[in-house]
Every structure is written in structure tokens, then in C-alpha cells.
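Enquirer: Take the given structure of chain S and dock chain C with the ligand to it, following the hints.
Note that the protein sequences, when read in sequence, are chains S and C.
When we follow our numbering, the leftmost residue of the first sequence carries the number -7, and every step to the right adds one.
When we follow our numbering, the leftmost residue of the second sequence carries the number 37, and every step to the right adds one.
Cross-link-like lysine-lysine pairs, in silico, DSS-like; alpha carbons within 30 Å at most:
1) Lys62/C - Lys227/S
2) Lys422/C - Lys500/C
3) Lys371/S - Lys111/C
4) Lys374/S - Lys111/C
5) Lys496/C - Lys422/C
6) Lys370/S - Lys453/S
7) Lys370/S - Lys111/C
8) Lys54/C - Lys227/S
9) Lys453/S - Lys111/C
10) Lys334/S - Lys250/C
11) Lys227/S - Lys111/C
12) Lys331/S - Lys250/C
No lab work stands behind these hints: they were computed from the structure.
Below are the chains, spelled out letter by letter.
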Amino acid sequence: MSQEIIQKTAHELHDDLRSGATTATALAEAQLAHIDGHDDKVKAYLETWNDEALAQAAAIDDALSKGNDPGLLAGIPIGLKDNLVTTTGTTGCSSQILKGFESPYTATAVQKLYDAGGVMMGKLNMDEFAMGSSTENSSMQKTANPWNLNCVPGGSSGGSAASVAANEAVISIGSDTGGSIRQPAAFCGCVGLKPTYGRVSRYGLIAFASSLDQIGPLTKDVEDSAWALNVLSGKDPHDATSADLPVPDYREALGKDINDITIGLPKEYFTDSLGDDMRQKIETAVDVLKAQGAKVVEVELPHTNHGIAVYYILATAEASANLARFDGVRYGFRHPDAKDVKEMYTMTKSEGFGPEVQRRIMLGTYVLSSGYYDAYYKKAQKVRALIRRDFDQAFEKCDIIATPTTPASAFEFGAKSQDPLEMYLNDIYTTTANLAGVPAISLPCGLTEQQLPAGLQLIGKPFAEADLFRVSHAYEQNRGFDMGHAPIA
Amino acid sequence: MEYEVVIGMEIHVEIDTKSKVFCGCKNEFHAPANSHVCPVCLGMPGALPVMNREMVNKSVAVGLALNCEISRWSKMDRKNYFYPDQSKNYQISQFDLPLCHDGSCEFEVNGEINKIGITRAHLEEDTARNDHTQGIGESGIDFNRCGVSLLEIVTEPDLRSAEQTYAFLNHLKQTLLYLGVSDCNMEEGSLRAEPNISVRPVGQKEFGIKSEVKNVASFSGVQKAIEYEFKRQVKALKKGETLIQETRGWDADQGITVPQRTKESAHDYRYFPEPDLIPIAVDEAWEQEIRESLPELPLARKHRTTEQYSLSDYDAGVLTASREMADYFEACVAAGAPAKLATNWITGDLQALISDAKADITNIKITPEQLAAMIGLIEDGTISGKIAKDILPDMFESGKEPKVIVEENGLVQISDLSELEGIIREILTQHPGPVEDFRSGKMQAKGFLVGQSMKATKGKANPKVVNQILDQLLNEE
Ligand SMILES: [Zn+2]
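Pulled out of the complex, with its shape left as it was, chain S reads as follows (with noise of 0.2 Å):
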């Protein structure tokens, strides 16, 4: 019994809880259990919040009782990236610098989803300031991917991906800065989306790179995307780069037909380092599209070799301003042993940063250095430009862009921790959506020869997440195989 509660997505739990199948409150402790008899395999969570997530649960069952409506998301079990603010709990981005902190303010994003009736569950293991593609990079434990114990879930956001792929969350919060979604659900087989850039509120998501960084969420399937996406978005005050747009209601592209679809296959993608396995996992999910009355035409993108190039320059710099505040001045850690200012930010930051985080901070300093910002930042500002306008262009003949989400399947731990531009190549596929700002989503596209999942990614012209959720809408119900559990769910 409560092994089927937790393996149902939220559009099906929404309907039992208001028939009355199930409650609230038998579904968060059904989840806790779960989460409590796999965590120690999957190594998901940091921490989780059994006694909020009960008095929660016991509060939407309340007004349900009453015959009020608590809300799209009430009673649904919700796990939250470690860098999304809350004032329940801790936030810490994996890092010993912030371990332990106590947040003054929830993020806007969360805050909707609480408004919406969503039960939160606790945080989720990341990449260290969501840097990396494995969670490897994570200063607290290392989380396995739920499909084999000896793979990484990806990542940044893999702690959010397994959750979902272990049934130890309904629906995952993640950010999305080169690929930090969308990789890890590939990876783990569950439905990931970065909205457009302005989508969803920053405020309260601890900055990675500020122009690029997008929360969105991790799902069991398109139609929990589109319900999620329906809570998250909208204009918030406090984010200055939040679009000012009407939110539509993402559900109702769903069930749509797709016969005025044009999907564009970029060129630039599908190149000898796509392997073979993975290139026929995609060429199938376009034949599917194309069976359901999509157009199919070749499109290009000429400057997406320069992609990684771009993004490492970008993201660092950014990061490197982004984490100066991390000092040890007004939270978080600080070293015991300093002995004057110059001494605490040394020390503090030699010590509470990871081997990755340092790199970063080292490359993005560099970068804006004086005699080396025209050849490096500013550059690499104009490519970002020509990498929009490749989009513009290729939007021009097409409406959804179809890709790859990675070049290959998870891969083992510690397989490519030694070698990081091996690991940056992870994100070959993914970083030019984040620099050109468009909404992208991975879909989980059938298991490749290592029994692993393989993602397709559909990327679509800025703020249409509408026909992004009805192309994979239209995908999902008749690709003609069930994903099934990941063996660990």
C-alpha cells in the first residue's frame, strides 16, 4: 500500500487526496518511511524535516476535511536543493563553509510552493555551490544514482534527481546553471526542466551565476512539470530580473496534438563524440514526434562548439563576485586560528571551500583581471551574444529544438573526478540553453546497453515552456515503453 502511494505522481495524489483515497498525512508518513528505509543506499538528503513535514500534512488534511482548497501542490511530498534558502531547517550549499546555516528568509520559490499546500520534505545533496555534473563535489556525502549504487546521479542537482528516482520525493526542487537539472535527470530518469531566464524567482536560490542560474523542478513525469512550473513562476518583486509576463496555466497544453510542430535537430549536436547508442536512443524519440504529426527539419547552431568555452569563462567570473561573501565575517564559517582580517579570509576560505569551488574562484578572478578581461570576460560576452542569436535564427525555421541531454549515460564514481575539463564536457549539451537564456527540459528517453537512462532534450524559444511541456507531453504518452522504478525506488 504505501509502496504505491510514494510511486504515484502529484497529478494522480492531487486526485486521491481529494476523493479521499488517501491522506495527507498517511502520504508524508508513507514518504518519510520510504526516505528513511532507502536514504541510507541513495544518500539523497542532508536533513529531513519529519516533524514540519507532519504538522504540514496534518494542516492540509484540516482544511480538505473543511472543504477548503489548501492548494495545486497540498499534501504533495517536496525535496529542496541545499541551496534554496529556508528559515526551517539548514542551508548549505554542501559546502563546510555554510554548513549549518540558518537562513532569515525563505526563498520566493519555495515560499510558492508552501503556498500551494506543497509538504516539504528537507534538502538534497549538490555539487558544492552547485559546481560539478556528478554531486561528487558535495563536501557532505556522496549520493548514488538510484538506477546502479556504483553510478553518480549527476549534477549539480543530483541529490534532487535521485530523490525523485527513488520514489523519496514526489517532486524536487533543483537549479539549473550549465546543465544542473537537466543532466541529472537524465542521468536518473525523471523529467527536469530549467524554465526561460526570468521564469521563476531567483531571490533566496544562493548564487551560482547570476545570469544564468534558473530554479525549476524534477518530476516523474511531464504533467507534474507543467504543475510545478504553474507555482513557481511569476514576477517577483524581489528580483529585479524576474519577468514581468502573465504565468498561463501550463496544464492546459497537455493532451494537445503536436501537428503544427516544427522540431529542429541541430547539426552541431550530433557529431562523432555522440556515442552510437545514445545518438539511436534520440533519433527513435524523434521518430516518435515525428509519428504524432511533428515536422522535422535540420537546423544550426553554429557557435555551439564555443559553448563550454563561454559558459566556464562566464559562470566563474560571476561566481567568483557571487561567493566573495563568504568570508566568515557575518555567517557561516569562520577559521578559529586567524589572527587578523587578511588571515580570517584566507584561511576561512582555504579551509570552508572545496578543491572545485577553489578552482572556479581562481578562474573566474582571473578572467576579470585587468589585462586579461578583454581576451577572457569580454569576450567571451560578445560569443555569448552570437550563441543567442544562433538560437533566434534557428527559431526562425523550427519551434522546438531537439538534443541529447548528455553524450553518454552516468558514469562510475570517481570516473572522471580526476580530470575536470573531462567532467566539464558533461555539459556540452546543455550550457548554450542557460547562455541563451531559452527554456529547456530532459525527458527520460529508454535505457541505454549499461541499463542506465538515456535523457532527450527538447529547448524552446524564450518563455513558450507551453509547447515545451506539450511536445513532451505528446512524447511522454506515446513513446511506447515504461521507464519503470530505478531499481533502488
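Expert: Positioned in the frame of chain S, the structure of chain C with the ligand alone reads:
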């Protein structure tokens, strides 16, 4: 060899916005430490800045008053450096696209119009205050000032003397006060002026090596620092030394500047565009709206006051020193007071009362209309100027109408000939000595008799009439 000094100014002005520049915290100087703080100005993880529109409006107003061009598109940048008075370890400022640029400002030096180029005026946030007085080895930080709206005005190196610089700074302060954008309180740090000073042989076109002087707490301090730097730099050059570009601190107690840091050890601020804020786009309509709301500025108002009221340059200068006094003056004249009399009363007795009470012309009880009414009472002979001087403090204290005070105290001037003649005859009888003296040619004895007459009437006698009667009585008998 003759040397001349070349001066440019960097002026930081705290703009008087209700809330701080990027958050909703109150912008208030006198408050307990860390009482006006929030996640944004404390640089808490995840917090984001949002631009204060009032800051943009007031900054554009300053830009327009300084004849600047207003950027149709400007942006904020991050200026990176580590210091505990910064909550984020970067300051949000403007680097290559300031909101206001390429302006100029005319000001008076000893009655002559001078002009200075304004390079730029850009928006930024103020820093916190470090407090090292807490105890041994402990420092406190008060973040109330962190994130307060700050406008940095940078001038061209157009100034050529300490005196001229002093005049410019006073004019700039007057302009800012006219605009109502800042209280310009130098003691509280809401106006901070830092001169860039270099010297060069007279006739040479190239600029010398400049020093930037910090920590100057007053305009007279700026003047002294310039005078000191001029002497120091010329002396060094005459000795054949090479100057270095450096930042120096002003030591007000010793009246000297001391080296702080050289250009070589200067920070690399690694400016880059602030990704958390959207560009500031002030279009023509917005600029026009602000332009139309600008008050008449000091020089123009002084000029108009001279012309319109036929006043001396000096009187107009005193009256228009502040917008509030000029407004008071014009309201008084509008209520019927002759301009010159209004000027004398406002800049004389009234100003003295205001100063003694440490009050402000905007919040005194005596209205311009009441002052005009009082002047009217003198004009129509109801009271003497002497009585007016006596009742002004009462008006200032109570806010009562002058007529009421005059009536309540029976101070109406006695101009009635027969009534006064009676009183004066009495005095002449009482003081035969002075009467004799006068008649024997000691004309000053008359003054004594006038005084006695005024005393007998408690100052209410019309002095003109008293003189008339005395002349008549002394001569006839
Ligand atoms: Zn604040």
C-alpha cells in the same frame, strides 16, 4: 619657476531616499547599530538587489542641474574588493556607463562667474561603518549605512586654486540643497569631498602627477589640504624629486597629508556588469518629467531676485543662500512688504532669532504674511520701528498676529500732537538743566530730551512727531 595647482574633485553625496538604494530598509542616520538591515543589505546568501526608482529620479535631477547628458541606457557594475565594511565584498556601482555624464557647472567666485566641467555622476551604494572602539582585538560593524543611496560626482581638473575649489564646493552643496536631494551634512558623512591635486609650471599644458586626498571632513579642510599639497609638491619638484601618483590621507590635527597607498599597490577592482540588476533606461519622457520638476537653481534665482526686487547683489546673495529663505522672502513681499524692508528684517532680526533658537526658517511660527503685516504696521505709522523690534521675539515665540500683540500691550504709536505736547511740556518742566543747555547752544541736549519723551511713552511716541514738537517748544520759549 612659477607653479600652478590643478584640482579636480570627487564628491560622494548620500541621496536622501526614503529607503536604501537596493532594499526596503530605512535610510536613517541616527538609529541604533544594525537596526536598519535586511537580507539584501547584509549580503545574506541568495538575496538580490532591486533598484530604487527614487534614487534614479533624484540622481537624474542632480545630473540635469549640472547640465549633464542623461544616459538613455546605463547599467550597474560590480566593483570587487575585500573589506569588512562591505557585506558582499563587492560594491554595486557604475563603471563605463554612468547615468549622468559630460556636464558643467557655473559658480561665483568674488562676483565673477567661473565654470567647471562635470565628468560624470554615477549611482552606487554606501558601505557599512567599522567600529574599532569596542574593546581590545574586537571590531564591530554597523550595517545601517550599508546600501544607502550614494551618488558620486566627478569633475574635470578645471580648478586652479584652493579658494576657487572652496567656492565651487559651496555652490555645489547649495545646488544639492536647492534640489532637496541630500541634507549635505558633512559631519554625518552625507557629503564627502576628495580633491585630486597636481602642480605644473605655469604655461605647461601637460598635467603633473596627481595625489588624491582622502578623509577630509569639511570644505575648509579641502582648502587647507590643497594649499598644503601645492606647497609639498612644488617643494619636492624644486628639490628635483619625482612625484608618484598616490592616495594620501588628510591629518586635520597636524594640517598635513600622509601617504596611504601608491598606484602600484592600487586594487584591481575587476569591474563587470551586475547581472542581478536590469539596465536603467531613462527615456526622453522620463527625463523631461524630471526636468520640469526642477526648482529654480541658486544662480538663476539670485539673478532674478536682484532684478525683480531691485536689490543689491549682496542682499540677493544672502536671501537666496537657501531656497527656503528665498521662498520666505518672496512670500513676505507677495503679502505686501516692500522688498528692501523685508530683506532687512529677514536677514537681520529674524535671522538672529532663528540662529539663537537653533531653528530653521521652514519651521518657525512667524509666517511671512505676519512679518509683512508687521512691516505694514510700521509703514502706516501704527508702531515705531523700535516697537517692531520689541514685538518680533514675541511673534517668534507665540506665532501671534503682530496687530494682536500691539493691541494687547497697548503699543500703538502716539502720534497725536496735543497728547504728545502735554507729555513733552511736562518733561521740559522736569528737566530745566538740559533745556538751558540747549538754548545756550548745546544741540546734543535735545537727544536727551527725545530719549526722556520716548521713555515716558514707553517707546510708543512717534519719534518724528516728538522731534517736531521739541523743536517747536524749545524755540518758542
Ligand atoms: Zn536592507
